[in-house]
Amino acid sequence: MEWLNFAAQITSSAIRLSVPLLFACLAGLYSERSGVFDIGLEGKMLVAAFAGGAIAAISGSAWLGLFAAIAASVAFSLVHGFASITHRGNQIVSGVAINFIAFGLTAQLGATWFGTGGQTPQLGDNARFLSIDWPLAGSLRGVPVVGHLYSQIISGHNVLAYLAFLAVPFTWWVLYRTRFGLRLRAVGENPAAVDTAGISVETMRYSGVVCCGILCGFGGAYLSIAQSANFVENMTAGKGFIALAALIFAKWRPVAAMWTCLLFGVLEAIAIRLQGVPIAGIGPVPVQLMQAVPYILTVVLLAGFIGRAVPPKAGGVAYLKEE
Amino acid sequence: MSRSARELPVWVDAGLIPFLNLAAAFLVTGILILIIGESPVESVKIMLTGAFGYGEGVGYTLFYTTNFIFTGLAFAVALHAGLFNIGTEGQAYIGGLGVASVCLALGGFPMPIVILLAIIASALFGAAWAFLPAYLQAKRGSHIVITTIMFNFIAAALMVYLLVNVLSPAGSMQPETRTFDESARVPLMHDFLAGLGMVIARSPLNLSFFWALICAGLVQVLIWHTKLGYELRVLGANPEAAVYAGMKPDRLIVTAMLISGGLAGFMALNEVMGSQNRLVLEFTSGYGFVGIAVALMGRSRPVGIILAALLFGALYQGGADLAFEKPAITRQMIVIIQGLVILFAGALEHMFRPQITRIFARRNPQLRGA
Chain Z
1 MEWLNFAAQI TSSAIRLSVP LLFACLAGLY SERSGVFDIG LEGKMLVAAF AGGAIAAISG
61 SAWLGLFAAI AASVAFSLVH GFASITHRGN QIVSGVAINF IAFGLTAQLG ATWFGTGGQT
121 PQLGDNARFL SIDWPLAGSL RGVPVVGHLY SQIISGHNVL AYLAFLAVPF TWWVLYRTRF
181 GLRLRAVGEN PAAVDTAGIS VETMRYSGVV CCGILCGFGG AYLSIAQSAN FVENMTAGKG
241 FIALAALIFA KWRPVAAMWT CLLFGVLEAI AIRLQGVPIA GIGPVPVQLM QAVPYILTVV
301 LLAGFIGRAV PPKAGGVAYL KEE
Chain C
1001 MSRSARELPV WVDAGLIPFL NLAAAFLVTG ILILIIGESP VESVKIMLTG AFGYGEGVGY
1061 TLFYTTNFIF TGLAFAVALH AGLFNIGTEG QAYIGGLGVA SVCLALGGFP MPIVILLAII
1121 ASALFGAAWA FLPAYLQAKR GSHIVITTIM FNFIAAALMV YLLVNVLSPA GSMQPETRTF
1181 DESARVPLMH DFLAGLGMVI ARSPLNLSFF WALICAGLVQ VLIWHTKLGY ELRVLGANPE
1241 AAVYAGMKPD RLIVTAMLIS GGLAGFMALN EVMGSQNRLV LEFTSGYGFV GIAVALMGRS
1301 RPVGIILAAL LFGALYQGGA DLAFEKPAIT RQMIVIIQGL VILFAGALEH MFRPQITRIF
1361 ARRNPQLRGA
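Chains as they are written, first to last, in our numbering: chain Z, 1 to 323; chain C, 1001 to 1370.
These are calculated hints, taken from the structure and not from any lab test.
C-beta: ideal position from N, C-alpha, C; glycine also.
Do not rely on the hints blindly, as some may be mistaken.
[Claimed, not checked] Each pair of labels, with its calculated beta carbon distance range:
hint : chain 1 : residue 1 : chain 2 : residue 2 : range
1    : Z       : I154      : C       : D1250     : 49 to 57 angstroms
2    : C       : R1251     : Z       : A256      : 29 to 37 angstroms
3    : C       : E1240     : Z       : S59       : 56 to 64 angstroms
4    : Z       : S131      : C       : V1028     : 38 to 46 angstroms
5    : C       : S1039     : Z       : R179      : 50 to 58 angstroms
6    : C       : Q1174     : Z       : I272      : 38 to 46 angstroms
7    : C       : V1044     : Z       : A75       : 21 to 29 angstroms
8    : Z       : T86       : C       : G1217     : 35 to 43 angstroms
9    : Z       : E202      : C       : S1039     : 37 to 45 angstroms
10   : Z       : Y176      : C       : L1213     : 51 to 59 angstroms
11   : Z       : I154      : C       : V1044     : 55 to 63 angstroms
12   : C       : A1105     : Z       : L289      : 24 to 32 angstroms
13   : C       : A1105     : Z       : I154      : 52 to 60 angstroms
14   : C       : V1028     : Z       : N234      : 19 to 27 angstroms
Start from the sequences, fold in the hints, and give me the full structure.
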């Protein structure tokens, strides 16, 4: 029973921790599948978290907060698109710039509008997405296995968490079963062919970038108005980059992205749980090692030791239409 | 170099266009300062005075400039070989570990020996951190942008572990090493010049500044006056041509990245050995990433890099004074300005180019059709 409880708690906390990663990872998937590399996931989530926290605090509505988060994130992704699609600028440099601006801007505006510390005010329950208890979750709690699975793992998350996991089959369907998805993938592999078919490469890539902005908006909103009750400076703390690592680890595929984000979530949950606790036979595992594991795993994958991660062929290359 | 760049006069390509990009970045900054409720004109005055108006300010400006010269050169050397080394941040961080190891171990040794060994150690450690991403790019085709980003985070985790568990003195809760001995510090500029009879204001500016200028000279020679530099540029311009010319791309990739990582490591001399005199968490604080903007603005040429580094150094110091004078403006305003400069001078560097080319085409018929 003891270990069952432990496993259920770790899984439940891993799900909570993997939600922002999953949103950002799927966000990156849309953008990179369309041929636009995006290392600015971190920055977009950060502006979304700030806009969400600020608007939810002012309006008292979680949904308005979510809307503001998405709007802010999409605005930043349009800047990325403007630089890397319209002006064929360097996509990596644009991503770096977006991360810088997002970090500085959220801290500065937080200080200007809400006073010192750059935090947004604490949100009341109405202005947040609270966890939803499913029917019978309370009474089933004591039942072994079923209770653990139903009451702790399936029930008890907020609406954004469920949306994140619904976004996985949805993304799969869009990508592999719709005309839009086919074109999106094609424009990331061979833009010239798409262009020849009479479809605008620019429009397709902008669509990918905007989808990316929307999902980063959800991810940021989850951080500030669902998981926590306010925005604090730099609250993404590298999650955008872990999501980027997860995207590569998942080889740019939606279902694999979900499993990877869950794996990274489990690692984080264990790292939090085992802080300073010695493991039998090994001794205490440094928490920093656990934090570095996602990055190390990604490097190992990129080295070609666990299969091969082949990015979209035209990724990172601006398309120059022949005249 | 792109086609249109070659056809524009040099003063337009390396002067007018960067100037317009900067102007756009500062325009957006000005609007932002208005939104915050401060006066942009007054802010510019405070920043200029802060960066150049008094001795201490100039010292700080040149101190930050030193960091940016190192990271800018580091990024530029890799870029010449067509490699996007976004890991200068992590390489500089690990370079600090090398500097600190030497300074902690050789406390009582004569200063020139300690400094010499620290220079070697910073380069070795920085280069070592660049080696694996370089090797993986060369041998397994792993995308260097992604691997170097990952290595930045691995470096950050490693340094937290080392500073908390290994390097902090017994009984101390601070995640930092003990302060280095007097002989294990790079002399400060005002002390050094006082010895020569010149009096300047106190600031963290130290002799690393000269080393940065020397490195700029060395990079100039390396890239444009040696066989290796030529091969790196060929690799960067056309990898296939490099193969047909009998060059070895694998070795060139690793060499370029080792030099780049070493140059990034030198940044730690200025920060760790010249100013902080101990190894602290996050001493790199984004200087590595700013190096990308410095190199791009300086068109990857050492002279341009020194000028761009001076610009960013002035922004950094002027911005710090601005945050001090105006309570409404925080230090994060500097991060915003840097980000805007990276955006407009880096990612959007081609924004004004078509219009400028058209204007010059009207003046000069030879450019028509470009």
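Hint-by-hint comparison with the structure:
The hinted range of 49 to 57 angstroms is satisfied by I154/Z and D1250/C, whose Cβ atoms lie roughly 51 angstroms apart. A C-beta distance of roughly 35 angstroms is found between R1251/C and A256/Z, which places it inside the suggested range of 29 to 37 angstroms. Hint check: E1240/C to S59/Z, Cβ distance near 58 angstroms, so the stated range 56 to 64 angstroms holds. Between S131/Z and V1028/C the beta carbons are some 41 angstroms apart, a value that agrees with the proposed interval 38 to 46 angstroms.
Here the CB-CB span from S1039/C to R179/Z is close to 53 angstroms, well matched to the stated 50 to 58 angstroms. Between Q1174/C and I272/Z, the C-beta spacing of about 24 angstroms breaks the proposed range 38 to 46 angstroms. Against the hinted window of 21 to 29 angstroms, the Cβ-Cβ separation of V1044/C and A75/Z comes to about 27 angstroms, which satisfies the hint. Hint check: T86/Z to G1217/C, Cβ distance near 39 angstroms, so the stated range 35 to 43 angstroms holds.
Against the hinted window of 37 to 45 angstroms, the Cβ-Cβ separation of E202/Z and S1039/C comes to about 40 angstroms, which satisfies the hint. Checked against the hint of 51 to 59 angstroms, the pair Y176/Z and L1213/C passes, with Cβ atoms roughly 56 angstroms apart. Range check, I154/Z to V1044/C: Cβ separation about 58 angstroms, and the 55 to 63 angstroms hint holds. Distance hint check for A1105/C and L289/Z: the Cβ-Cβ separation is about 26 angstroms, which falls inside the suggested range of 24 to 32 angstroms.
The hint said 52 to 60 angstroms for the Cβ distance between A1105/C and I154/Z, and at roughly 56 angstroms that hint holds. Under the hint 19 to 27 angstroms, the C-beta atoms of V1028/C and N234/Z, about 22 angstroms apart, fit the expected range.
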